[in-house]
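> Sequence:
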Amino acid sequence: MFKLIRQEIDAMIARDPAARSRLEIALCYPAFHAIMGYRGTHWLWQRGFRITARFISQIFRWLTGIEIHPGAKIGKRFFIDHGMGVVIGETAEIGDDVTLYQGVTLGGTSPSVNSDGQRGLKRHPTLEDGVIVGSGAQILGPFTVRKNARVGGNAVVLSEVPEGATVVGIPAKIVRHEADDRFCAYGTPIGDLPDPVARALEELGREVTELRGQVAELKTDNKSSGGSDVIADKPRIVASSE
Numbered sequence: 001m002f003k004l005i006r007q008e009i010d011a012m013i014a015r016d017p018a019a020r021s022r023l024e025i026a027l028c029y030p031a032f033h034a035i036m037g038y039r040g041t042h043w044l045w046q047r048g049f050r051i052t053a054r055f056i057s058q059i060f061r062w063l064t065g066i067e068i069h070p071g072a073k074i075g076k077r078f079f080i081d082h083g084m085g086v087v088i089g090e091t092a093e094i095g096d097d098v099t100l101y102q103g104v105t106l107g108g109t110s111p112s113v114n115s116d117g118q119r120g121l122k123r124h125p126t127l128e129d130g131v132i133v134g135s136g137a138q139i140l141g142p143f144t145v146r147k148n149a150r151v152g153g154n155a156v157v158l159s160e161v162p163e164g165a166t167v168v169g170i171p172a173k174i175v176r177h178e179a180d181d182r183f184c185a186y187g188t189p190i191g192d193l194p195d196p197v198a199r200a201l202e203e204l205g206r207e208v209t210e211l212r213g214q215v216a217e218l219k220t221d222n223k224s225s226g227g228s229d230v231i232a233d234k235p236r237i238v239a240s241s242e
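Mapping to the UniProt record's numbering: the sequence shown position 94 is 94, numbers consecutive.
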């Protein structure tokens, strides 16, 4: 238990330059308090003390502003930076060395549709090792965000994210797919981030340029063969009242 606590604190020091000592984290970091509270409530949840686990988790939610359902599965060295407004659902699964920022939701979809029939089913996402999720991002549904993926701030993720990919936008789209195991604050990669809309417009511009070139070649070939590149006007039909 003490080894696990030390790992959690060291992970926070490694990822947060504002952290100056282990004592500061133990006393002043709500994320540390929320995670330690989760470890205890998860132990109770696994042993059948469901109401007790939920009650204690609500106390930690009130104290820290971070809501972690005791049924969630969370790996080692988990870090929530700032943390206010983070929500982690019952069937969410989180691997090792994962980082979340404030306002992140790991939620389910359609909870009001046949809620009773959804009990015990996988409704929330799975985050594999090394995933970073930027502030305000919403990851909704029972799919997987693969190892070392990055989710940009305020993104809404509704489908699986491949390993090493970076996704941004609403709904989230892949803007980078190079594997990168470096830590990226707020899930934002180092360097320029390509704009998917700008990329689509560039592709469209290239296609228009190619088509214009092809039309010019056809006109040249038509002239060289003695034809005309002028299309005769169609006869107009004028309606008459007579």
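A portion of the hints provided could be inaccurate.
With a straight-line cut-off of 25 angstroms between C-alpha atoms, the simulated DSS-like cross-links for lysine-lysine are [as the list claims (entries may be wrong)]:
id	residue 1	residue 2
1	K147	K76
2	K219	K147
3	K147	K73
4	K147	K173
5	K76	K3
6	K122	K76
Simulated restraints on C-beta separations [unchecked claim]:
id	residue 1	residue 2	range
7	P171	L4	34 to 40 angstroms
8	I13	G40	21 to 27 angstroms
9	L27	E163	18 to 24 angstroms
10	L201	G120	34 to 40 angstroms
11	K3	L27	33 to 39 angstroms
12	I174	L27	47 to 53 angstroms
13	E207	E160	17 to 23 angstroms
14	K3	E163	34 to 40 angstroms
15	I174	M1	38 to 44 angstroms
16	G48	L121	30 to 36 angstroms
17	G40	E207	58 to 64 angstroms
18	V215	K122	53 to 59 angstroms
19	R47	N154	35 to 41 angstroms
20	D221	I170	55 to 61 angstroms
Since the hints were derived computationally from the structure, they do not count as laboratory data. Quick reminder that beta carbons are idealized off the backbone N, C-alpha and C, glycines included.
> What hint numbers does the structure not satisfy?
Violated: hints 2, 9, 10, 11, 12, 13, 14, 16, 20.
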